[in-house]
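Place chains S, X and D on chain W using the hints.
Number of protein chains: 4
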Amino acid sequence: MPASKEQITDFFTKDFPQTKCQIISVGNGTALVTHPVGHEELRPGGTVSGPTMMALADVALYAAILGEIGIVPLTVTTSFNINFLKRPQPANSIRAESRLLKLGKTLVVGEVNIFSGDDPMPVAHATGTYSIPPQK
Amino acid sequence: MPASKEQITDFFTKDFPQTKCQIISVGNGTALVTHPVGHEELRPGGTVSGPTMMALADVALYAAILGEIGIVPLTVTTSFNINFLKRPQPANSIRAESRLLKLGKTLVVGEVNIFSGDDPMPVAHATGTYSIPPQK
Amino acid sequence: MPASKEQITDFFTKDFPQTKCQIISVGNGTALVTHPVGHEELRPGGTVSGPTMMALADVALYAAILGEIGIVPLTVTTSFNINFLKRPQPANSIRAESRLLKLGKTLVVGEVNIFSGDDPMPVAHATGTYSIPPQK
Amino acid sequence: MPASKEQITDFFTKDFPQTKCQIISVGNGTALVTHPVGHEELRPGGTVSGPTMMALADVALYAAILGEIGIVPLTVTTSFNINFLKRPQPANSIRAESRLLKLGKTLVVGEVNIFSGDDPMPVAHATGTYSIPPQK
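Chains as they are written, first to last, in this note's numbering: chain W, 1 to 136; chain S, 1 to 136; chain X, 1 to 136; chain D, 1 to 136.
Simulated from the structure, these hints should not be mistaken for laboratory data.
The reader is advised that the hints may include incorrect statements.
Note: identical chains are not told apart, hence a pair may lie in one copy or across any two.
What the hints assert, rightly or not - Each computed DSS-like pair below joins lysine-lysine, with the alpha-carbon atoms no more than 27 Å apart:
1) Lys-105 - Lys-20
2) Lys-20 - Lys-5
3) Lys-105 - Lys-86
4) Lys-86 - Lys-14
5) Lys-105 - Lys-5
6) Lys-5 - Lys-102
So that you can see chain W by itself, here it is in the shape it has in the complex (with noise of 0.2 Å):
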């Protein structure tokens, strides 16, 4: 049965209360997801770093598969590559576009766009694969 943004908004609020990021929609195999920008996020000369966008990325193709497949915590990262593509702009937040390619019993393959500001272009993309437990 699958989960809500509520319910999957409530469970990042209590399993990974570190994280900065904001489920804005799920649905239909996808995810959009913001991260603002702020001091922590930046690296010199300006450019967003690397681990914000990957945790992003992370972030947004785990609430696709959890509005797919409902709350299941065990479900685990086995492989992630991302692709960085332009430097986003620091005054904005980033956003991530998420879309599953594959949902199987046990595996789930997604893909991943970020974006900054109002380029068209992505700033990176990203594609994740995941483990999802057996369930009883």
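Structure of chains S, X and D alone, referenced to chain W:
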């Protein structure tokens, strides 16, 4: 001209004040970097969060590069791939051992193994590609 | 100056005579490329072999790049990542739809979806990074 | 029950008759596999083609897995990542040294270094994830 462990630590302290990574050693195209594991790094089930391991792997590769080319702050990650292999032990810090596979004039590629406790098998393995800006 | 589908096909015929890929269309940072599936491409269980799909994805990205920058033979793949999503149908040819995500002066990044028969879901998804040699 | 080098070679000869790979040794979660380099494997500029190296890396990982779990033909690649590091020497065969990083019940992860001639630095580095079907 290569940077020493002290120079790289100073650079991270100033430019990435939020990181908890500690550089243990740098040299010969390698680096050894540790990261403490506490409440913030754990996720449901007592697993170290994926983004924590990604950030550690990225720092370990970055340190190995600076150890060869010196403090070149505009060096950026262009692509990054990680496989999560097994669950780290929650009571232990994690450590990353990075090694450069290619040190070109504009592109550097390296790999990282992440270990937990005294387990000889890695808990994660990553590869990353970095772009070095043209030097004047 | 961009290369046309005919120029790219000529280039592949001359320089990669062993490839069975057929370029259907090229333009706007995209390419559509097909590959027949016969005895040589199949492996146990009637699956199209992984290397066949990797080669097709690589050609589809290469074609999209030449369609933008022209015939630059020394353009080379620097990294490549592929996720195999589902089993292709053995009776059908496979086709790849590539799309560039970044077209820089020295680095190009693109993604590819591979489809089989009339299934709207991809059987594989790949991303690749290519290095363009400095032009005089 | 593990498979021997001879059993794996027989399996490849029967089920992948088109491959030119030769398995030199298998055991302890590793494999050493070579591939001749001739006209078919070369591309413009005398470089060994990317797909040739991808196919070799895939076979080397597959051989290392069968060397541990025996001949399980439905074992399939689920994801594959490769970094091309330097130009192989066109006059030489290439060889791949694979090593398993994780041997789980359903997922196996390994890495491969590809070498050319007597150069001690790899010309390519790859990682792959494989799915083992449930055994009865």
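Exercise for the section: Taking the numbered hints from earlier one at a time, note which ones the structure violates and give those numbers from smallest to largest. Expected result: Hint 1 alone not satisfied by this model.
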